[in-house]
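Please work from the sequences and hints to get the whole structure.
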Amino acid sequence: MMPLRRFAIHRPADLREAAEMLDHYGENGSLYAGGTELLLAMRHDLLRYAHLIDIKTVAGLDGIERRDEHLHIGAAATHRTIERSAVVREQLPVMAEMAANVANVRVRATGTLGGNLAFAEPHSDPATLLLALGGNARAQGKSGERTLAMDELLAGAYENSLAQDEILTGVDVPVPGPSQRTAYLKFQVHERPLLGLALSLELDDDGGVIREARCAVGCVSPTPCRSATAESLIAGPADSLEQRIEEAGEALADEAALTDDREGSAEYKRHLIGVLLRRAARKCLNGNG
Amino acid sequence: MELRFELNGRDVAVECEPQQTLSEVLRNRLNLTGAKISCEVQVCGACTVLVDGLPVSSCTYLAYEAQGRTVTTIEGLEDRDRTLHPIQQCFIDEFAFQCGFCTPGMILSVKALLDDNPDPTDDEIIHHMDGNLCRCTGYVSILKAIRKAAAVMKEGRE
Numbered sequence: 001m002m003p004l005r006r007f008a009i010h011r012p013a014d015l016r017e018a019a020e021m022l023d024h025y026g027e028n029g030s031l032y033a034g035g036t037e038l039l040l041a042m043r044h045d046l047l048r049y050a051h052l053i054d055i056k057t058v059a060g061l062d063g064i065e066r067r068d069e070h071l072h073i074g075a076a077a078t079h080r081t082i083e084r085s086a087v088v089r090e091q092l093p094v095m096a097e098m099a100a101n102v103a104n105v106r107v108r109a110t111g112t113l114g115g116n117l118a119f120a121e122p123h124s125d126p127a128t129l130l131l132a133l134g135g136n137a138r139a140q141g142k143s144g145e146r147t148l149a150m151d152e153l154l155a156g157a158y159e160n161s162l163a164q165d166e167i168l169t170g171v172d173v174p175v176p177g178p179s180q181r182t183a184y185l186k187f188q189v190h191e192r193p194l195l196g197l198a199l200s201l202e203l204d205d206d207g208g209v210i211r212e213a214r215c216a217v218g219c220v221s222p223t224p225c226r227s228a229t230a231e232s233l234i235a236g237p238a239d240s241l242e243q244r245i246e247e248a249g250e251a252l253a254d255e256a257a258l259t260d261d262r263e264g265s266a267e268y269k270r271h272l273i274g275v276l277l278r279r280a281a282r283k284c285l286n287g288n289g
Numbered sequence: 001m002e003l004r005f006e007l008n009g010r011d012v013a014v015e016c017e018p019q020q021t022l023s024e025v026l027r028n029r030l031n032l033t034g035a036k037i038s039c040e041v042q043v044c045g046a047c048t049v050l051v052d053g054l055p056v057s058s059c060t061y062l063a064y065e066a067q068g069r070t071v072t073t074i075e076g077l078e079d080r081d082r083t084l085h086p087i088q089q090c091f092i093d094e095f096a097f098q099c100g101f102c103t104p105g106m107i108l109s110v111k112a113l114l115d116d117n118p119d120p121t122d123d124e125i126i127h128h129m130d131g132n133l134c135r136c137t138g139y140v141s142i143l144k145a146i147r148k149a150a151a152v153m154k155e156g157r158e
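In the order they appear, the protein sequences are chains W and A. First residue of the first sequence? That's 1 in our numbering, and the numbers climb one at a time after it. First residue of the second sequence? That's 1 in our numbering, and the numbers climb one at a time after it.
Accuracy of the hints is not assured; some may be wrong.
Sample of chain A residues facing chain W (criterion: CB under 10 Å; computed from the structure) [to be verified]:
#1 Val51
#2 Val56
#3 Phe97
#4 His128
#5 Asn132
#6 Met153
Where chain W lies over chain A, by a calculated footprint (3+ residues, C-beta under 8 Å) [to be verified]:
#7 18-24
#8 40-49
#9 143-149
Read the hints as simulated data drawn from the structure, not as lab findings. All residues carry an ideal CB built from backbone N, CA and C; glycine is no exception.
What follows is the structure, encoded as structure tokens:
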């Protein structure tokens, strides 16, 4: 068994101290939230840090609460906490359902939302869903706080756009109104999903017309991506969506710039996008999304 | 650093380094070898132990995290008179293992499930156990053992 290289763990009392630590240790330091991805990469010597800053020690960073029109989920909330949170289950059930299916029960008990997003693993379930839900990341640095859209936060595979002293403190997700339907589906045969797909529909009052659609596909590109073409194709009369969905799936697959790799051929991934988009649309429109 | 935690009902104190995993401390310092090491990437579940009742991958979980917490390993499941825990007994009764390498992790995962959800459906069992891999017995006998353990434990409470 390969031991981890030696490192020190620091326990900041608050975000300011954590930001100072990040600034002080520079490239030798990293935030540590759950370790479910970071420690694996460190064990295999893909990443080396002499200093880990345990962000979980900052009080309140794992909180989940309604803030105006948003649901705020703290960065240190574990997938399990999100899965079981009464407020998430009531106000954003698709998020609880997604969290309940992240990796396995052990990862869900220790892995955190903030760690997942900041690590920017291309197979992240939360990143794909949050992109479709229009969630925003909150980041706190030495000089203040800022808000980043999901596609701003995720800069590339295993790359986020946070500055050296910035800490992801949580995400704000718009609480869906009664006319919004969202579904997240994934296809998985091994430990990580081969494809994740999120679809969010805004319907008119009687549910006959899709006013606006957001769809995102994850796992098959360095970061999850949306397609404006697919989204405008999906919008329109709900009862004829089946006739437009195939073309929308093609547009989403085009946007994802699919490649052949060990997870499957580009052709296979294109097929899966079509299947999952159709299933997600049915799930949304049948009212159980 | 000095690490203090409750291990299988007893308080322990042990010196450890921040980069040491819980499985290293359990296996190499405390001589509890029930937690097995296999994939080392949080996939197989052979190293599963419970921390405050929740299953974690002890191969990747820093021992540092156990400070002040309660850790349960397979060695802590039997009664003081060495009667096996009902889950252990049901795994034997249903032939739910062959080589036994995955079994400690399987049994601890089951314990976490049944402590939280004493009467799970098959779907709930399969969803919960999805991250514990067995490469020889096959999962049907494991599912049978879990169903039986749930029934036996329910009977024990009535």
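| Hints violated by the structure (listed by number, smallest first) | Result: hints 3, 6 and 9 break, sorted rising.
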